[in-house]
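Protein chains: 2
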Amino acid sequence: MLEEFYIEPFAPGRIQWFGVDLMNIADLDTPSVVVDLDVLERNVRHMAERAGETGVRLRPHAKTHKIPEVARLQLAAGARGISLAKTGEAEVFAAAGFDDVFLAYPVVGAEKARRLLALSDRVRLAVGTDGVEGASSLGGVFHPAGRRLDVLLKVDCGYHRVGVSPESAVEVARRIADLPGISVRGVFTHAGHAYLATTREEVDAIARQEGEILAATAQVLRGAGLPVEEVSVGSTPTARGAMAVEGVTECRPGNYVYHDASQVSLGTCGIGDCAMTVLATVVSVPATDRAVLDCGSKTLSSDALRPRPSGHGWILGRKSRIDKLTEEHGVVRVEAGESFRVGEKVRILPNHACVVSNLHDRIVVARGDRVEGEWAVAARGKVR
Amino acid sequence: MLEEFYIEPFAPGRIQWFGVDLMNIADLDTPSVVVDLDVLERNVRHMAERAGETGVRLRPHAKTHKIPEVARLQLAAGARGISLAKTGEAEVFAAAGFDDVFLAYPVVGAEKARRLLALSDRVRLAVGTDGVEGASSLGGVFHPAGRRLDVLLKVDCGYHRVGVSPESAVEVARRIADLPGISVRGVFTHAGHAYLATTREEVDAIARQEGEILAATAQVLRGAGLPVEEVSVGSTPTARGAMAVEGVTECRPGNYVYHDASQVSLGTCGIGDCAMTVLATVVSVPATDRAVLDCGSKTLSSDALRPRPSGHGWILGRKSRIDKLTEEHGVVRVEAGESFRVGEKVRILPNHACVVSNLHDRIVVARGDRVEGEWAVAARGKVR
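The listed protein sequences correspond, in order, to chains A and B. Position one of the first sequence corresponds to residue 10 (the working numbering), numbered consecutively onward. Position one of the second sequence corresponds to residue 10 (the working numbering), numbered consecutively onward.
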């Protein structure tokens, strides 16, 4: 039971600087990643409510935050299990007490299969697959151990990254279902192309399509005698629309806990719904039209703004944007009428929260300006 | 003395997998960052030899590798001290015994100044500055403690990121030299615009300019009665050219230990001079013209190829390139005549080695195909 693993996620005043408790964000050294807990909790609640309205199980993708404390808030709000991408992430979350994990990734190879076999003693586990070769490399480890691994077949709903076409789903699912050591639990998809949609209407159309293509594929598989328990969709921009589609059983949004400038640009949320900001200091003002912040690509990542690349994050309360990033410098093109002074601290809404998480060992948790503590990004950097 | 901190950087066979020593790269699970020690040692030696020929002190920028073991190889080859960007990086290297550090970054603020003051007990320390406000925030901590901090004034040699113009250098240097708690040790610059040069001739011209502008600025400062002991240039593409300029005393290249696809594109080196590759597995082949690797932006970063953005790393031995990166997927556009199979392992030369280092807690060290051990990327993620 998760309850027994639940620990108070933070204690006020845990951040100390030369023996003094830091209580205000403005006192933090920079760059610091700050997550507003009020906004985070509201985001977690709203998505859980939407899932409740539609009767769809919520299995949030914890790759966004990689923090067991955040996933506990998600479960407490009604989520059933979590999604992850990497075997190493599943190991971290299993050690923190999570007992229902779906690796929404085409896991391949005996090395990872052995670790999954060990995990499956204490975790209800499923992994993604989109082909016989990959699934076979997993079954080849589970079968000799007298065990079966649940897989979900990835279906391509238009993103064209991984996944089988809806037309070939029956044939591939049959061959996978025949593999020793493998059970097909269902189908899943991800409408990543929603991140390239330039209008909200386009996003909504992709969301409906995501749900409808997957639900229809599930029906065809059932008609062919294949058991399909789970019909799993999910991305933050498409989650609300795809959950409304009849036949969808599960949704796996990740980014919604934090949101970011890309979600605002896509119309998924407003700036006030963004929980993660980066606190930075102006370290140089070499010209009237240029200021430099102490956050570069090693803090903010080089990920582009979606759907249209433009700059490297928004400086809250300013029109000036970060124009150029090098490893430790964020170069701001200062708009006419604005100015920055050396030593001044600013807050930045990053382009892409999921990759910012992955750059930092710890994040600061706050409510408004009040620092509440720190969380370790426990599954950060678990690339394997 | 560094010698007493020196430990054997690795022991053969330290990587185990289910109790068995891994001895061949092909046996590694993926994605794994692999550094070839033969190439690394050769790169370290060649740059040290070049510095020796020109009589310039080499102070490599350790932000590229963030690994004390690599910096020890650099010192053993003749480097005098190291460069870093972040106070937290300096703390890691000081703890590992490094006693001569230049933070080549406009460090600002009392928080970092207090940590630098503590460090300065055991480290010969200097930091960068490009203005009175920043330097004053450091002096304001050192002076009351009865100490002085050495600074180098950053001069803009054409990159237009941070730094004072050569014309304003005397005035700014005078005001900084008058600050309590601050001593001006010299001047430094960085010709980052060399990374945008599209011909080797252009890179070489920028290198000469880098050295000449800084050496001339140093002469003007000396003429104005300001002490300028250090005249410090440096980037990997410009290092050889800039070191040849009369009056340059120090050079701070970083990337040369590993090199990467951008350095090859710039003509700095050949592919055989690249020490860092990423071993990845083909996890999906959804179409004849598409294959997907288990390395995305959380493994390779989203940094663009320089000087001309094109793809996300080169697959060694293949014409096919990584066309698109998402967090955990590298999508390959398969060229006609090539094919990939699920489970196959490939090696990727990344666009930018410095940011790849910063994504990984550990890297594998090898000689050819033989695994020698692992190094912890000890200063990874020290953003403050």
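If you're looking for bench data, these hints aren't it; they were derived computationally from the structure. Mixed in with the good hints there might be a few duds.
Identical copies look the same in the list; a pair holds intra-copy or inter-copy alike.
[Unchecked claim] With a straight-line cut-off of 20 Å between C-alpha atoms, the simulated SDA-like cross-links for lysine to any residue are:
#1 354 x 129
#2 328 x 281
#3 333 x 55
#4 354 x 36
Structure-based check of all given hints:
1. Taking CA atoms no more than 20 Å apart as the test, residue 354 paired with residue 129 passes in neither setting, with 47 Å inside one copy and 26 Å between copies.
2. For the homomeric pair residue 328 and residue 281, the shortest alpha-carbon distance inside one copy (17 Å) is at most 20 Å, but the shortest distance between copies (46 Å) is not.
3. Taking the closest pair of Cα atoms, residue 333 and residue 55 never come within 20 Å of each other, the shortest separation being 35 Å inside a single copy and 32 Å across copies.
4. Taking the closest pair of Cα atoms, residue 354 and residue 36 come within 20 Å of each other only inside a single copy of the chain (10 Å); across copies the shortest separation is 48 Å, beyond that limit.
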